[in-house]
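For the protein sequence lines, the chains are Y and R, in the order given. At position 72 of the first sequence (counting the first as 1) the number is 72 in our numbering, and the numbers step up by one without a gap. At position 795 of the second sequence (counting the first as 1) the number is 795 in our numbering, and the numbers step up by one without a gap.
For the record, the hints were derived by calculation from the structure and aren't laboratory data. Incorrect hints may have been included.
Identical chains share a label here; the pair holds if one copy fits it or two copies do between them.
As the list claims (entries may be wrong) - Simulated crosslink set (EDC-like; lysine to aspartate or glutamate; CA at most 20 angstroms straight-line):
1. Lys195 with Glu653
2. Lys405 with Glu297
3. Lys179 with Asp115
4. Lys817 with Glu828
This is what each chain is made of:
Protein chains: 2
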Amino acid sequence: MSGSTKYVYDFDEGNAKMKNLLGGKGSNLAEMTNLGLPVPPGFTITTEACNYFTDTGRYPEGLHEEIDVHLAKLEARLGKKLGNPGNPLLVSVRSGAPISMPGMMDTVLNLGLNDESLQGLIAQTGDERFAYDAYRRFIQMFSDIVLEVKRSFFEEELTRKKQERGVGLDVELTAKDWKELVEKFKAIVKERGGKDFPGAPREQLDLAIRAVFESWGNPRAKLYRKTYDISDSLGTAVNVQTMVFGNMGETSATGVCFSRDPSTGQRRRYGEFLINAQGEDVVAGIRTPHSMDQMAEELPEVYAELEAAMEKLERHYQDMQDMEFTVERGKLYMLQTRNGKRTAAAALRIAVEMVEEGLIDKKVALTRIQPEQLDQLLHPRLDPERDYEVIVTGLPASPGAAVGKVVFDCDAAEQKSQAGEKVILVRYETTPDDLHGIIAAQGVLTSHGGMTSHAAVVARGMGKPCIAGAEAMKINMQEHIFEVNGLVVREGDVITIDGASGKVILGEAELIEPRVDKNLERILGWADELRTMKVRTNADTPEDARRAREFGAEGIGLCRTEHMFLGEDRLPLVRDMILAETDGERQEALNALEPKLREDFKGIFMAMDGLPVTIRLLDPPLHEFLPNLMDLRVEMEELKHTPGERADFEEKEKLYHKVRAEHEVNPMLGMRGCRVGISIPGVTRMQVQAIMEAACDLRHEGLDPHVEIMVPLVGFLKELQAEKEEIIAAAEKVIGERCVTIPFTVGTMIELPRAALTAAEIATEAQFFSFGTNDLTQTTLGFSRDDAEGKFLPIYLSKGILPYNPFATLDFDGVGKLMKMAAAAGREVRHDLKLGICGEHGGDPQSVRFCYEMGLDYVSCSPFRVPLARLAAAQAVLGKVEDATK
Amino acid sequence: MSGSTKYVYDFDEGNAKMKNLLGGKGSNLAEMTNLGLPVPPGFTITTEACNYFTDTGRYPEGLHEEIDVHLAKLEARLGKKLGNPGNPLLVSVRSGAPISMPGMMDTVLNLGLNDESLQGLIAQTGDERFAYDAYRRFIQMFSDIVLEVKRSFFEEELTRKKQERGVGLDVELTAKDWKELVEKFKAIVKERGGKDFPGAPREQLDLAIRAVFESWGNPRAKLYRKTYDISDSLGTAVNVQTMVFGNMGETSATGVCFSRDPSTGQRRRYGEFLINAQGEDVVAGIRTPHSMDQMAEELPEVYAELEAAMEKLERHYQDMQDMEFTVERGKLYMLQTRNGKRTAAAALRIAVEMVEEGLIDKKVALTRIQPEQLDQLLHPRLDPERDYEVIVTGLPASPGAAVGKVVFDCDAAEQKSQAGEKVILVRYETTPDDLHGIIAAQGVLTSHGGMTSHAAVVARGMGKPCIAGAEAMKINMQEHIFEVNGLVVREGDVITIDGASGKVILGEAELIEPRVDKNLERILGWADELRTMKVRTNADTPEDARRAREFGAEGIGLCRTEHMFLGEDRLPLVRDMILAETDGERQEALNALEPKLREDFKGIFMAMDGLPVTIRLLDPPLHEFLPNLMDLRVEMEELKHTPGERADFEEKEKLYHKVRAEHEVNPMLGMRGCRVGISIPGVTRMQVQAIMEAACDLRHEGLDPHVEIMVPLVGFLKELQAEKEEIIAAAEKVIGERCVTIPFTVGTMIELPRAALTAAEIATEAQFFSFGTNDLTQTTLGFSRDDAEGKFLPIYLSKGILPYNPFATLDFDGVGKLMKMAAAAGREVRHDLKLGICGEHGGDPQSVRFCYEMGLDYVSCSPFRVPLARLAAAQAVLGKVEDATK
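Please build the complete structure, drawing on both the sequences and the hints.
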């Protein structure tokens with residue numbers, strides 16, 4: 001084996017494509033080196049070496065010697081030597097995995113110092129204070145990471161020294177103070193670690209490399225990988241790099257910069273730096289950093305060099321870069337570059353402008369936008385340009401902003417909401433018992449719980465804004481107040497919450513309504529040119545249909561008629577229909593409902609003139625239209641105790657018994673969908689009549705309605721046959737009477753496993769399949785969404801049993817497998833079978849990609865998600881959707 | 001085409017194997033003819049001719065001529081001619097489909113008579129009265145079937161004649177009366193049918209053949225085929241056969257006989273006959289028929305010939321025969337033979353004795369028992385040997401007998417049952433609102449509704465006796481009585497119902513307890529020799545385990561621990577466990593439960609010593625162990641109105657809120673199965689501890705427990721991993737402490753579609769799969785059993801949307817497909833994966849066959865169904881289970 005595997009690469013031996021072997025940091029350092037940028041030289045030990053170490057607890061054969069060789073080369077190149085008292089080489093030892101795991105693993109700086117080489121550093125720099133400070137930093141960091149002597153012992157000592165010296169800041173300590181501290185630190189190591197601090201630099205290096213290897217397996221890194229589904233077998237690389245110092249006086253500096261503004265996308269100077277500081281000082285935020293404009297003034301030559309490097313890197317990577325640099329006594333060093341994170345607005349602007357600049361083409365531009373980011377733009381939100389008085393910030397648990405009065409109690413939330421008031425529910429955390437409060441509120445704010453807490457999961461499921469874990473907020477339930485930094489907010493006070501940023505604002509903030517701006521419009525235009533899969537919308541009202549069409553919807557994939565059975569002019573008729581004791585009574589109720597539905601359909605067809613509209617026949621369990629059984633029972637009980645209300649009691653009791661007869665143990669799996677149409681005469685006929693009358697009315701007005709009638713919850717071919725027969729008879733009757741031609745098709749939802757399993761049979765009758773993945777997920781996984789999202793799903797997500805919420809992103813291995821089986825079997829029987837998806841997954845980018853790959857004709861999603869789906873459908877063609885769960 | 005297809009076969013041209021072409025009757029007539037038995041000669045027109053007629057409305061080319069040829073041959077053979085005034089040939093024209101459809105299609109007798117040939121008949125027989133009677137019967141039958149002149153017009157005329165003549169019976173009418181009636185009948189035909197009765201016999205024959213062809217498509221035949229899933233494309237054959245007459249005086253007779261007693265199986269004379277009668281007279285039941293013993297006395301020579309024919313046929317068909325015969329003036333004719341229907345007891349005795357007689361071998365014997373029939377023997381039932389005073393008979397809707405007090409109200413049923421009384425629920429019919437009454441009752445009796453009525457379906461589902469549609473019973477709900485034939489039965493009176501026979505008896509009848517008699521034991525012994533699939537039982541108690549072992553169970557396939565969480569010494573602890581506010585409180589409850597479960601497991605392991613016991617960890621939704629939410633709410637309301645109960649109210653309210661937090665919208669798909677074990681610390685550990693402690697106790701006593709621990713409701717590999725980890729840790733802890741070796745395996749239920757779809761992954765951890773087909777049916781079909789069986793399932797069955805109840809017999813195309821996928825994928829990954837089924841389908845013969853064919857290692861069913869499953873498993877090997885749905 002020895003000699004056959006290369007475990008160490010000089011920076012000039014690698015490149016950006018060797019990420020798996022050299023890690024993200026190592027491969028980018030190599031790339032920058034090859035570009036001729038000023039990177040402090042060094043070498044990278046591969047992930048393969050790490051994996052070997054993880055498996056066996058020791059270096060692979062030959063590694064030690066290979067390190068020696070590369071170290072010698074580095075020393076020769078720089079004319080310095082590790083540990084040399086005359087001209088010592090100092091290095092940093094850093095982890096760098098193929099996938100970034102920020103803060104998870106260890107770093108050691110200033111390695112190579114000991115009592116002897118320290119003298120060399122003093123000689124090199126002429127700065128004793130700096131050298132002792134560097135030495136004590138090294139001892140502290142090395143001891144913590146390698147020797148497992150806790151950082152706090154050293155910090156206590158440092159604090160004691162400052163008190164003793166009567167100063168507040170580290171910078172006020174002198175060289176002598178640091179020198180004394182170095183001795184104290186070494187004593188701590190001996191006392192706590194049981195032996196002397198290791199003085200031999202080559203031993204220091206091995207110990208540090210081993211510590212980095214070991215940090216791959218530390219519990220927090222393991223948990224992180226489990227959470228983000230990163231394979232344990234990747235391993236981390238180790239970068240050994242010459243130290244450069246930004247804290248060598250007024251011509252030294254350290255900073256970060258971006259090649260464009262990551263917040264707006266504008267091409268301008270953006271970044272910050274500190275004179276005479278090390279990287280950790282910038283992060284610690286003790287001193288306020290300066291802007292790039294200031295750097296251009298203060299260090300003009302270095303800045304010009306940096307600007308050229310930025311330009312070069314952006315051109316090279318063809319993307320906006322986020323860079324770290326250090327200036328050591330007037331010389332610039334580039335320490336890191338990577339594609340910069342950016343807001344949705346910035347992502348759009350950068351993509352569009354880079355195309356205009358000829359830097360990238362349209363296809364590449366499309367891959368630069370995370371579809372999920374568009375969600376930020378397509379909800380009401382705070383204006384990022386304005387300053388708000390933020391009273392507390394929590395976790396951004398569910399995007400969108402909302403304004404309302406504070407309530408602490410769920411029943412109160414329900415009552416106020418019913419009285420027309422907008423409320424924000426504020427809780428310590430929520431439980432399933434609070435569901436009615438969440439439903440009633442505009443948004444939810446909790447002081448505890450994380451991104452997968454009950455409140456967060458439920459609110460995201462409902463598309464409501466939510467901020468979780470705003471821990472600075474102290475809730476006093478007795479007094480109905482919360483306190484935050486001394487400010488008291490009372491029940492009834494108005495607040496604004498922004499679930500995308502986690503910000504809470506006192507009072508009513510003006511919100512930005514979602515809109516498609518010109519950058520988004522151009523990107524979506526490019527997406528439309530590229531994509532082959534259509535995007536429709538789920539819309540039940542003319543308003544939603546109009547809005548969705550503005551967002552680019554190419555038809556309706558799901559128009560649910562149940563919406564039309566609600567409303568105070570309808571519900572009493574619907575109840576009559578359900579509780580009718582004779583066919584005559586029922587028909588009377590149906591006759592009264594039909595013209596009302598017809599008007600709704602007219603509005604929808606008008607909004608979607610010329611585009612297909614898929615109408616799903618009545619689907620929900622009937623008792624959803626009836627009074628609540630428990631409420632009735634309680635009202636009965638109350639009437640029983642009210643003297644002289646005998647007649648009322650008896651009427652209530654009668655109603656109670658009727659409603660009880662409709663009651664179901666598992667309504668999701670009960671009398672709903674086509675089972676209603678098949679069991680209750682006239683319900684299907686009435687709906688079809690209303691649809692076709694509406695279509696005929698519009699046809700007479702010269703419009704062009706495209707009708708697709710969809711039968712819900714089919715599991716057996718004969719169900720579809722029975723319903724289709726009734727649909728065709730009712731439709732042809734209307735068409736015959738109205739003397740016009742209305743082409744229409746009849747298809748079915750595929751939302752039960754059995755429908756997917758017998759798709760070949762069902763396709764003999766269905767002209768289209770629409771995958772109802774909400775219900776298909778419920779039945780395939782045996783998850784009642786109403787129960788799961790509030791109960792075991794958060795537990796499953798936190799324990800890593802599920803990688804993500806299967807109601808948001810398709811369960812590819814289970815539900816997806818059924819979908820593929822059904823699509824293939826259906827198309828085998830009927831080559832022109834139209835295939836779509838109308839579950840909420842139709843608006844999820846990863847699921848959209850899956851739908852494209854399995855050959856669906858369209859996805860359908862809520863109006864606000866249409867732009868996102870258009871982009872995702874284009875990215876699917878490019879095969880480049882990032883896996884959002886990673 | 002003409003000449004190439006043969007459409008007509010003389011009886012001596014066919015045989016018993018040509019059922020599809022010649023129909024059941026035709027092929028058996030041919031077989032008897034070939035055996036040399038005295039069959040009146042004739043010919044059969046094939047089903048192919050019928051199908052051609054059905055498609056085109058006319059005879060196929062050449063058929064008319066072929067009939068002419070065969071008719072001429074028949075005439076030549078008998079020396080008679082159709083319509084010949086001197087020596088007329090009379091024939092019957094009967095339908096005969098490949099699958100028997102009793103009473104569905106048409107028959108014409110005495111065809112060939114007209115005014116001229118009548119004279120020939122008089123001359124032939126010397127019996128004018130007989131001849132006119134025959135003529136009027138022919139006119140009546142032919143007119144009804146061929147000319148569509150209703151039978152009732154003729155019957156009115158006959159009644160009028162009898163009144164006119166002052167007689168009560170047909171036999172009292174004279175030749176003159178019949179002659180006059182013939183003229184009247186012809187007048188009716190002319191008046192109602194618009195033309196003269198057709199006199200030309202060859203035309204009569206064609207009209208009758210066409211009428212039989214057409215009767216294949218009549219609505220009642222179509223409905224029958226739809227109901228029994230018989231293909232419309234089979235068609236019916238038509239048999240044209242020489243008439244013989246049993247009503248030609250005292251040496252003529254007609255009758256039916258069996259080669260063995262169909263009720264007991266004994267080899268003895270069995271049958272009945274009537275002197276001087278036609279077949280329809282026997283059926284009409286106007287005269288009381290005589291026994292075979294009497295026939296042996298009265299017509300000894302003919303009887304000897306008949307006995308020889310019986311013997312010959314039984315030997316030939318190697319099965320008990322049910323035969324029809326006619327004696328015309330001392331000459332025996334065999335008209336029909338078929339395998340006789342028989343009781344379960346008879347089937348067993350016949351099969352065993354035929355093997356002893358060397359007539360059949362054991363394998364054939366096994367195919368002669370319908371497993372479903374055993375169900376009759378394995379429920380408590382009425383003694384068929386005893387006479388009971390039956391007050392009314394209804395439809396045998398769900399087998400088993402029960403004794404109890406009559407109640408008419410479901411709430412009363414519940415109260416009395418809770419007070420320890422046994423009740424029979426008596427209703428007009430039941431609705432879903434009556435479910436609690438059905439649950440509380442020993443059995444159900446309804447005056448309305450059929451075999452698929454709500455009461456019938458629900459009771460069968462619950463395994464409770466039910467008699468439906470006892471229409472002679474008049475229920476008076478106001479007075480809480482029912483009246484039947486003048487007898488008044490009051491609420492509280494004791495009745496006995498036998499759901500296998502539909503009989504209702506006043507008072508408490510002594511019931512036969514189910515047992516395995518010696519014939520059954522021999523059959524099951526032969527079954528055990530043959531079958532390769534094991535039969536286990538579903539048992540939750542030591543008693544059930546013992547009983548099942550007596551019935552031949554080879555282990556427990558499903559022992560549900562939830563049973564052990566009930567009972568008054570446990571439920572309070574279980575509630576503490578669920579409602580615990582701290583881990584400490586919960587652990588305390590668990591600690592108290594563990595020894596109680598341990599005792600249960602000891603009893604079960606003891607009963608199943610040396611055999612495998614699969615224990616399923618706690619599965620049901622937790623709120624099943626909590627008080628009913630609505631009851632709590634009502635109790636709260638009551639306390640609110642009770643002065644001075646403030647403290648009680650508050651306590652109740654607190655409990656209410658806790659229970660409400662556990663409440664679920666769709667409990668079937670909620671917090672249950674492994675989700676409980678994963679979410680609530682300690683629940684799995686406690687169960688495993690109890691199981692392993694019990695096993696260790698027994699091992700120390702020298703017994704041999706085989707432990708299989710089964711994780712319920714797994715959908716994701718990680719669920720099984722998490723549970724398995726905890727199981728193994730808990731088990732090994734006990735084993736280590738107790739210093740014994742207890743081999744155990746860990747497996748999972750496959751009861752969610754996702755588990756089946758990802759079986760390859762799950763099999764990497766599961767040592768066995770047990771298909772939980774009850775839940776798998778619920779999720780695959782999206783049918784909540786609780787809701788479906790009371791609501792839409794009866795509608796679906798009656799409309800033919802489903803061919804059978806998928807909770808009784810596996811849905812092969814949907815659920816079965818998933819099972820096959822899972823079994824194949826699982827075995828691919830783990831070659832020794834043990835596969836079983838523990839849903840109720842494990843006791844259904846068709847499903848057992850399916851399980852055998854897909855390669856399961858065992859089926860598991862309720863104790864009483866074990867014998868049935870043993871037989872079905874043997875028949876599966878023989879591939880000869882009859883399709884019970886046909």
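Here is what the structure says about each hint:
{"no.": "1", "hint": "Lys195 with Glu653", "result": "neither (84 angstroms within a copy, 64 angstroms between copies)"}
{"no.": "2", "hint": "Lys405 with Glu297", "result": "neither (50 angstroms within a copy, 103 angstroms between copies)"}
{"no.": "3", "hint": "Lys179 with Asp115", "result": "within (11 angstroms within a copy, 142 angstroms between copies)"}
{"no.": "4", "hint": "Lys817 with Glu828", "result": "both (17 angstroms within a copy, 18 angstroms between copies)"}
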